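Engineer: Below, each chain spelled out in residue letters.
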Amino acid sequence: MTLAQTKTADSLSIYGETVGSRLLLGTSQYPSPDILRRSVEASGSEIVTVSLRRESSGDGKAGQRFFDLLKSFGARVLPNTAGCHTAREAITTAHMAREVFETDWIKLEVIANDDTLQPDVYGLVDAAEKLTRDGFKVLPYCTEDLSVAQRLVGAGCQVLMPWAAPIGSARGLMNPYGLRTLRAFYPDLPLIVDAGLGAPSHAALALEMGYDGVLINTAVAKAADSVAMAVAFAKAVEAGRLAYRSGIMPPRDMASPSSPVAGLALL
Amino acid sequence: MAKIDIIGAGAAGMWQAFLLSRQGHKVTLYDPAGTPSQNCASGCAGGMLGSYCEGEPGHEEARDLGLEAMEIWKEHYPYLKLNGTLVVASPRDVADLQRFAAVTQGHTRVGADEISALEPALEDRFRDGLFYKDEGHIEPFVALEYFIKEAAAQGTKLVAEAWEETDADVVVDCRGLAARDHLKTLRGVRGERVVVDCPGVTLSRPVRMTHPRIPFYIVPWSNNQFMIGTTAIESDDRGPATLRSVTEIMAAAYALIPALGEARIAFMDADVRPSFPDNAPRIIIGKTQSGRPRLYVNGLFRHGFLLSPILAKITADYIESGAKAPGVLLEDHGEW
Numbered sequence: 001m002t003l004a005q006t007k008t009a010d011s012l013s014i015y016g017e018t019v020g021s022r023l024l025l026g027t028s029q030y031p032s033p034d035i036l037r038r039s040v041e042a043s044g045s046e047i048v049t050v051s052l053r054r055e056s057s058g059d060g061k062a063g064q065r066f067f068d069l070l071k072s073f074g075a076r077v078l079p080n081t082a083g084c085h086t087a088r089e090a091i092t093t094a095h096m097a098r099e100v101f102e103t104d105w106i107k108l109e110v111i112a113n114d115d116t117l118q119p120d121v122y123g124l125v126d127a128a129e130k131l132t133r134d135g136f137k138v139l140p141y142c143t144e145d146l147s148v149a150q151r152l153v154g155a156g157c158q159v160l161m162p163w164a165a166p167i168g169s170a171r172g173l174m175n176p177y178g179l180r181t182l183r184a185f186y187p188d189l190p191l192i193v194d195a196g197l198g199a200p201s202h203a204a205l206a207l208e209m210g211y212d213g214v215l216i217n218t219a220v221a222k223a224a225d226s227v228a229m230a231v232a233f234a235k236a237v238e239a240g241r242l243a244y245r246s247g248i249m250p251p252r253d254m255a256s257p258s259s260p261v262a263g264l265a266l267l
Numbered sequence: 268m269a270k271i272d273i274i275g276a277g278a279a280g281m282w283q284a285f286l287l288s289r290q291g292h293k294v295t296l297y298d299p300a301g302t303p304s305q306n307c308a309s310g311c312a313g314g315m316l317g318s319y320c321e322g323e324p325g326h327e328e329a330r331d332l333g334l335e336a337m338e339i340w341k342e343h344y345p346y347l348k349l350n351g352t353l354v355v356a357s358p359r360d361v362a363d364l365q366r367f368a369a370v371t372q373g374h375t376r377v378g379a380d381e382i383s384a385l386e387p388a389l390e391d392r393f394r395d396g397l398f399y400k401d402e403g404h405i406e407p408f409v410a411l412e413y414f415i416k417e418a419a420a421q422g423t424k425l426v427a428e429a430w431e432e433t434d435a436d437v438v439v440d441c442r443g444l445a446a447r448d449h450l451k452t453l454r455g456v457r458g459e460r461v462v463v464d465c466p467g468v469t470l471s472r473p474v475r476m477t478h479p480r481i482p483f484y485i486v487p488w489s490n491n492q493f494m495i496g497t498t499a500i501e502s503d504d505r506g507p508a509t510l511r512s513v514t515e516i517m518a519a520a521y522a523l524i525p526a527l528g529e530a531r532i533a534f535m536d537a538d539v540r541p542s543f544p545d546n547a548p549r550i551i552i553g554k555t556q557s558g559r560p561r562l563y564v565n566g567l568f569r570h571g572f573l574l575s576p577i578l579a580k581i582t583a584d585y586i587e588s589g590a591k592a593p594g595v596l597l598e599d600h601g602e603w
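So the sequence lines, in the order shown, correspond to chains A and B. Quick note: the first sequence uses the numbering used here, first residue 1, plus one each step. Quick note: the second sequence uses the numbering used here, first residue 268, plus one each step.
Note that these hints are calculated values from the structure, not bench results. It should be emphasised that the depicted structure is a prediction, and the values quoted were computed from it without experimental measurement. Where a beta carbon is used, it is the ideal one built from N, C-alpha and C, also for glycine. One or more of the hints may lead you astray.
Partial chain A-side listing against chain B, Cβ under 7 Å, derived [said to hold, decoys possible]:
#1 Pro31
#2 Gly63
#3 Gly135
Just chain A, with the same shape it has in the complex (with noise of 0.2 Å):
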């Protein structure tokens, strides 16, 4: 099978929609809309964010010609609600997006804190409820707890965005084990880790876990080629998904030899 086979046969399904592939991404932070369209065609990227609050400071029309820009790429566009700190800004800021973008899809965040921008979980479960019952589809960027997760999932939340490590922080998935159990415990729900990843390797290996895709805004926008990194995370995303598919060998204490031992004259 080629790889381009293998892709068809693989989508992903999120609130019904197919997505060709794993690879979201951010929009902001790129040195130029120029560099950011380049970016995102050679990532293959379907889904593309946007923040509605930094980018359309004023009456909310301001931004329109960055968000023709983004409409102009083909790709699917999902607003967010970065920055919000409360519920009820989420809830506001969610309805504009609507309008703006005409899309039902939203990326809820909710903040805690402006240094971590770790999710306030409780406002994200309230916000995520009162969002669905506005008829909205809900993605939900979360923390990898399992406890959380439950309620979102029971808020109507069909897809879950966990981060692997602080927006931006480049770290890597903090929590592997955290983030299994979260794979374990929802082998079908569509699980796409959102922040925190810094390099391709990073992507692979959520892929490998059997995370559904990621989300990279900040590694590829602040790389010194953010073209060249795009394509590096969307091959990384490819790479972890075959792996995953394929059936990855688990680790094992003592070594095994690759070669055949049997039949070895003996001498």
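Fit chain B to the supplied structure of chain A, relying on the hints for placement.
Structural biologist: The following block gives chain B in isolation, referenced to the frame of chain A:
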């Protein structure tokens, strides 16, 4: 000698008027908001001439043009300050400083002692920094006034009215974002600033602080004034600075130099910088309605003051001799 109309009396227009009239052309500078303009992105600038600091990946063109522009600034502007730029980070944000060091040139690493020696106001507060010794800074209002006055002394006629087609041989269009009526890809990138008075604090050069959320800079002006700026928001909104931006700017400045806590707020404002999709500047050779050359000097993004002299020189060389400037001076095929 050519008869030249320049539209727009911001940083780009004033440098065009200055260099072109200096070469003996018959120049008229138009701006309905006055000369210098009271309604342009340049009026909301900081005045850093940071050719290296602005050379992050994706902005190599601005850096290279900026280095050439610095030589022109040195030649023509007596009030240019050439004390370099200091970039610092708090200990927990050293990773951001390391990244900045890796992606820019023209700097040396400095430690606590060197930082204290360069800027006593920062004494004992920072252990890691980068010193860009060849950068400079100017005061935007002072520079605008100076070059407009010099241009007038060299024969530039100043007209505080909107431009209408004349019999000029060449039109140089420096209208910034207003030129969007002809250049459809221009967009605004919003910047906000606070200017404070603080007699108790002295800085010799612009200081930047790297920070994951609030990278900001502070530029010392004359009369104990400091310009504190930060934001680069994808927005065309020219409205006043927001409470959130101003709070972040001021908190960051106060963290950099606690003595700024006693500073008095002189004013705060905001404007949008005209930018092409790749944030690189261009001179686009178009035509006026009557078929005469119309050169659009635009897309200066965050580099209005830094790059205006070199764009003026490229324009002047083109008008004089048809000299080319690949990548910067481009024929208009309607793609912009």
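Engineer: Does each hint fit the structure? Answer for all of them.
Structural biologist: Outcome of the hint check:
1. Pro31: This interface hint holds because 3 Å falls under the 7 Å limit.
2. Gly63: holds, 5 Å
3. Gly135: violated, 28 Å
When the structure is compared with the earlier hints, a violation turns up for hint 3 alone.
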